[in-house]
Each structure stands twice: as structure tokens, then as C-alpha cells.
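K.L.:
Each chain, letter by letter, is given below.
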Amino acid sequence: MRVLKIAAVSAAAVMVLAACGEAPDEETTEGGDNAATETDDVAEDTEAAGPDNSDFKACMISDAGGFDDQSFNQAAHSGLTAARDSLGITIADAESNSDAEFAPNIDAMVQQDCNFVIGAGFLLEDAIQAAAEANPDTNFGLVDSGFSDENFAPVEIENAKPILFNTSEAAFLAGYLAAGMTETDKVATFGGLPIPSVQIFMDGFSDGINKYNEDNGTAVELLGWDKEAQNGSFANSFDDQSQGAALGEQFISQGADIIMPVAGPVGLGTASVAEGTDTKLIWVDLDGFETTEYGDLILTSVLKEIGSAVEGAITETVEGSFTNEPFVGTLENGGVALAPFHDFEDAVPQELKDKLAEYEEMIISGELVIESPNAP
Amino acid sequence: MTESNTPAPESTPEQPASSPTADRGEDPRSGSAILRQIVGGDVVISILAIIIALVIGAVLIAFADEDVADSISYVFARPSDFLGSAWSAVSDAYIALFRGAIFDFQADTFNRAVRPITESMTFATPLILAGLGIAVGFRAGLFNIGAQGQIIVGAIVAAYLGFAFDLPPVLHVLLCVLGGALGGALWGFIPGILKARTGANEVIVTIMLNWIAVYLVAYVLTLGKFNASGTGLRSPQIGPNAGYPSLIPDFLVPGNTFRLHWGFVVAILATVFVWWLLERSTIGFEIRAAGANPHAARTAGMSVGRITVLTMVIAGTLAGLAATSQVLVDGGSLTAGVAATYGFDAITVALLGRSKPLGTFIAGLLFGAFQAGGTLMQSVTSTPIDIVFVVQSVIVLLIAAPPLVRAIFRLPDPDASPKKVRATTKEAAA
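Residue numbers (the working numbering), protein chains in the order written: chain A, 11 to 386; chain B, 762 to 1191.
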């Protein structure tokens, strides 16, 4: 009885509250209708103006992070939605909550006739590979990882395209900049997990520092990564910010005044301990000045344009020029880049800026090649 | 159904009797009394809980839908829009759920049409096995929260035996299954012996062992043979003979792509075994006696400590078998996420199944179907798969609160059912 009464009272309350909103309802209705028609028109216009590829379906499967992770998956997904807007294609997406859901999710996408199925992340490699082999008529893409056989030797698959990033090129510039900006002659970096797509940042960073030392006869030291030994500091996590704080404190106490965390949100922990000290950060993947609340600490960011790479791969497939050749983001094609210095624009000497521009030119022209065992 | 209906009229005259009050006065403080209440609930409550959860799920689906959100702003001006879009959102989602879980009537081929039910069974296999482990613990009065860790350790052992050795067919998979079961049993034995010897609370010990297992697998993946990829994220794949063979042979459904494997048969066998164990064997009698009243069991000459250890080992073994259904598949390997959330879902499954073997089996199938259907629902209607978790969670919530379900459907309170009274009298006598 009591439950019924409560239900009745709440229902009445809802009715009353809703009725309050009834007066402007008429207008809203019209407005709403107009808006709806307008949106329809707009949609039609875009379709008429842009290419109409609504019969092409691009689909994406996340890893366990989900599409709202403010990081990797989200960046990949933004590429998918950008492709929908620019190409007028149909899209579908599915989030995986565990590793066991990768294969069923991919299968569900293939079953609803997706033309291009993209997996976000290294962990989906096996599942995408198996699906690509089982469904030769569908094209597949994999962000941030190539394919390998059971002995981990790289393989090529006819209908699957790896989307990779040669981030060492941009990280080289970041390393050069860091070496030029440090006052303690010590800079540091650490990774999330020891995987190639993380270590490649650290390799480039290391090379940039060495180059600066070579050019200027300085002895700037890098903490947290030994490129020769491929060995260094890792948070062993992409989400545990306390690890980032602990590593940050350790580096600061060792005298480092510029730190590059290559660990997604883990770096926020580092930023929190860097606040109030003279320590500066170099962010990765996205422009940390815009995406984090620690903009005043961020010297620059090593950008990895996952979204535009995904969009590019989709565009290529829509245009019928799909190849299984890996897409590799470089400084040349804008797949990787060094972000603006924002607050530090004036602090960076013009001489150093010129030098960075010069090296960027040299990397783009192929005159300078950044070697890395983790390079795609 | 009949079970639940018959006691109701009989219970009314006994309500003024003091026994239920006495029951309430002394028992609810102990965990085993809560367990007994959960276990003693009837099938009707479970079914009603599922129905309520699906209704709540429907409301959430409707409100998560964009068309519904648009039309609700002028619901009074044109309610048909709102109702229509809400109905289509909900029905589309639940139809997709059905198509993904039971039978895909829109499929082109017979293979694709019947595949969903096999997917449900595949998803159900680890839930059933781990759920049985939890159920055995519940019957012995043990809150075993450690299935997650037991699955992980079972998976480590099974995967290692799978990729490190190369043995002939049948033999290899049997070895791996055995290894997985032993790994789980070991992780069950630890809290069992701690509880038996020192009285350490099994809830706390198993939760802590879960975390130890989580970090253990992350560490193991960075070691020599496990880390052939150099990434520390994935072990090598298991050998070709180490996987469970496909359950449905090619000649039955030609060209089938079913993932369903013999692990499901293991789940069926385990269900039968647990039924036999609990209902027919001496050990099972002791387990139930210890669960009903450990003091009485001790007075009757049973070693409660031995029963505790044995129960935890059995529970761990079953969780280890659940691990084998994940690792010992075609191209299977060990990852840090190998156990997904099966260890915790299994608790739900055991609760929903009233800690009865058959009930757990059916509850496992239901949750497997939710998983399989949720996958398709998400990709076809872009309904967030989280709705499925909400539905599952509401089911648990309602099962843990039978009075709420009874209030909603105005069912009689079975607290005074003759069964309960008789149990209390027996305890009092003891």
C-alpha cells in the first residue's frame, strides 16, 4: 500500500512539474518541429554538398578503456565521427568491457555489414587478425599496432591495415627542446607500459637530447630511459595516477626539471606533484595545454594525431583505395607533431626555435632519420 | 511455483508464534543467517526480480535514446511522438538483445541464425563454473569473494601448460584443464586453511587474494616464457592441442563458426557433480550442516575446519575450471584481463540461482545470454551495453532484498513458513 501511495504521489508530482512546463510547450513544439525540419534540411544539404556515402559503414571497437577515456580510444573515436561528418558515411561503434568481448564485438560489426572495421589498440590485435582472416571481404584497421603471427614475427594481412605513428620524430624535437630549456641539465621521462608505441616516444626524446649535447657540447642527462638497453621507468599502468605522482617526485628529487610522462592520464599525477615547483612537463598524444588543467606547467606536447589518421584511413577506404600497407603518421604527413609552446612561447629562445624548425625540415626531407627499434 | 504457494496459507496461523521473532532476535547478526535467507528464498522472487530489472532497463533505454529525449520536450502537445519513440527504442533494443542471445531471425544462413544461442552458452560457461564454486561456499556458510583470484591463478597455470608444452591431442587439453583446476584449488585452499586454523575471515582473505592474483598475473606476464612478445601484456598462444575442441562438429552444422566448445560440457558435468556432492554425498551433508549451524555440526562430531578447507578447495577448483574455458580456446592466451569480471558476476549468478546447482546453471545461462545479447544490442541499436549491467545489478539488488520484491507484488511474507520454523526448532533442540 505504502509503495503505491509513494508511487501515486511521485506520479502526481511529475504531472504537476511537467504541467508547469506545458505553457511554453506549444512554442517549443513548433520550435522543436522547425528545428527538426531545419536539422533535416541541414543534414540533407551536407549530404548533397558533400559526398553521399551513406551506404558505406565504418565501425569501431574500443578496448576496455571505452570511448570516453579522454585519451586513446576517445581520439580514435573522434576520427570516426569526423569521417561521418566529412564523408557522409554511416558509422557504428561498440565498447568492450573486457578482453573476452573483443571477438564478439568485432563479429557483431561484421554481421551488420560494416565495410571497414577498426580496432582501437594493441590488445585487439589477435581479435582483429582472426576476424580479418575469417572475413576476407571486409576491410579492417588496427590503431597503434601491427600484426604478428604466433611467434610474434610481423605479418601482413591482405585486408587489414595497421595505423601506426612514428612518434620518435616529434619526440626528437621535444627532446631537443627539453635539453635546451633545462636549467639543471637533467630531464626525465617514464612510460605507462613497456610496449613499442610507448617506448618510441622515449627513444626519440633520448635522441633529441643527445643531438643537443652534440651540437652544443653540453651534458644534459636523461633519467628514466636508456635507449641502448631499452630499459627504464614505467608506471605499469595507464590509469593509476599515484604511480605518476611517485615517479614524478622521484625524478624531481633527483634534480630533473622537465618530465615527459608517456602514460596517458598517469601523467596527471606527475603534474600534481610538479605544481608549485620549477618543474615543467611535456605532454603526449594530445595538446596537454588544452586538455589538462595544468596548462601553465606544460612546455609543449608531442602530438599523435590518432583522430585524423583514423579519418584518413576511412577516407582512403571509402574512395576505394584501401591498401594493407600500414599508415604511418610522421612529421611530414602531420600524423605526429610538436604542439605550440603556449605560455612558454616567450621563454623559448628564438635561436632554439630556429634550430627546431631546421631539424623539423631535415626530418621531413629525410636528411635526418630518427632510428628506433620501436619504429613502425 | 507450487512450493512457494503452499506454505503461504499455512504460515498465517503461525505468525503470532514467537519463533520468527526469536529467529530474528538471534540470527540476523551472523552472516550465515543472511546467507540462509538468501538461499531459502524461492524461485518466484528470482523470476520477479528479473522482470522488474528488465522494466527498469527499458526505462533507462528509453531515456538514453536521442529521439525520446527530443520528443519528451513536447510530450503533452503530442504524446504519441514520445510514446512511439520510447516504444521503438525499447523494443528495438530488446529485440536486438533477443537476436543476439537466442535466435537471430534476420540471419541469412542457418549457421548465423542459431549462432546466438551458442554464444550465450559460451559466455555462460565461466559464469556457471565459477558460480557453482560460490554456491558451494554459500551452502557451507562461507562468503567466498575470491573466485576472481582463483580464476586468474587457474588461468596462469592452464595457459602455461598450454603454450610451454607440446603434447598429443586429448592428453594436452586434459593436462591443461587439470592444471587450471589445481591452480584455482590452490588459491581456494589458502583462505580455507587460514579460516580453519586461525579463524581469519574468509571475506577479507579472499578479497586480498584477489588483488594478489591481479598483480601476480601482471608480474608473471613480464617473465621469460610468458613475455615472448616483449610487451608484458600477452602470453604466447596455447598449442594447437591444448584448446577445448569445438562442441558442435562440422557435420552437424556445416561450416559453422560457433565458438562453443567442450568447456560447456565441463560446466554441465560440474553442475551434476555439485548436485551429487551437496545432495547425495556425506561430504555434502557435512557442508550443509556446517552451513546451517557450525556449532551443531561440531557437536555432532563433524570437523568444521576440515569442511571449510574442503569447501574452499572445491570452490577454487570450480573457479579454476572457469578459467580453462577462457584460456583453452582456439588461439587463447593469458592476458591481465583474462578473468574479466567473471569472479564477481559469479557471485550474482550464485545468488540468483539460490546456491542450488541447477539454479546456478540456469542463472549462468541467463547472464551469458545477457552478455551475448548485449553485444549485438550495443552494435545494432547503439544502446550502451551498460544497460545490461544495470539490469544484472538490479536483479542482484532485488534478490538481496526479497521484502522489496514482495512489497511490489504484494506476496506474502514467507518468514514464518513452516520450513523455517522447523529449522529453528531443530537448532534450538541442538
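Just so you know, these hints were derived from the structure itself, not from any lab.
Backbone N, C-alpha and C define an ideal beta-carbon position, used for all residues, glycine too.
Hints may be right or wrong, so weigh each one.
[Said to hold, decoys possible] Okay, the calculated beta carbon distance ranges per label pair:
{"hint": "1", "chain 1": "A", "residue 1": "240", "chain 2": "B", "residue 2": "824", "range": "49 to 55 Å"}
{"hint": "2", "chain 1": "B", "residue 1": "1018", "chain 2": "A", "residue 2": "65", "range": "23 to 29 Å"}
{"hint": "3", "chain 1": "A", "residue 1": "364", "chain 2": "B", "residue 2": "973", "range": "30 to 36 Å"}
{"hint": "4", "chain 1": "A", "residue 1": "260", "chain 2": "B", "residue 2": "1060", "range": "20 to 26 Å"}
{"hint": "5", "chain 1": "B", "residue 1": "868", "chain 2": "A", "residue 2": "61", "range": "44 to 50 Å"}
{"hint": "6", "chain 1": "B", "residue 1": "1018", "chain 2": "A", "residue 2": "158", "range": "20 to 26 Å"}
{"hint": "7", "chain 1": "B", "residue 1": "985", "chain 2": "A", "residue 2": "300", "range": "41 to 47 Å"}
{"hint": "8", "chain 1": "B", "residue 1": "972", "chain 2": "A", "residue 2": "146", "range": "40 to 46 Å"}
{"hint": "9", "chain 1": "B", "residue 1": "973", "chain 2": "A", "residue 2": "361", "range": "25 to 31 Å"}
{"hint": "10", "chain 1": "B", "residue 1": "1105", "chain 2": "A", "residue 2": "377", "range": "53 to 59 Å"}
{"hint": "11", "chain 1": "B", "residue 1": "830", "chain 2": "A", "residue 2": "91", "range": "17 to 23 Å"}
{"hint": "12", "chain 1": "B", "residue 1": "965", "chain 2": "A", "residue 2": "260", "range": "30 to 36 Å"}
K.L.:
Quick one: which hint numbers does this structure break? Sort them smallest to largest.
P.N.:
Failing hints, ascending: 3, 4, 5, 9.
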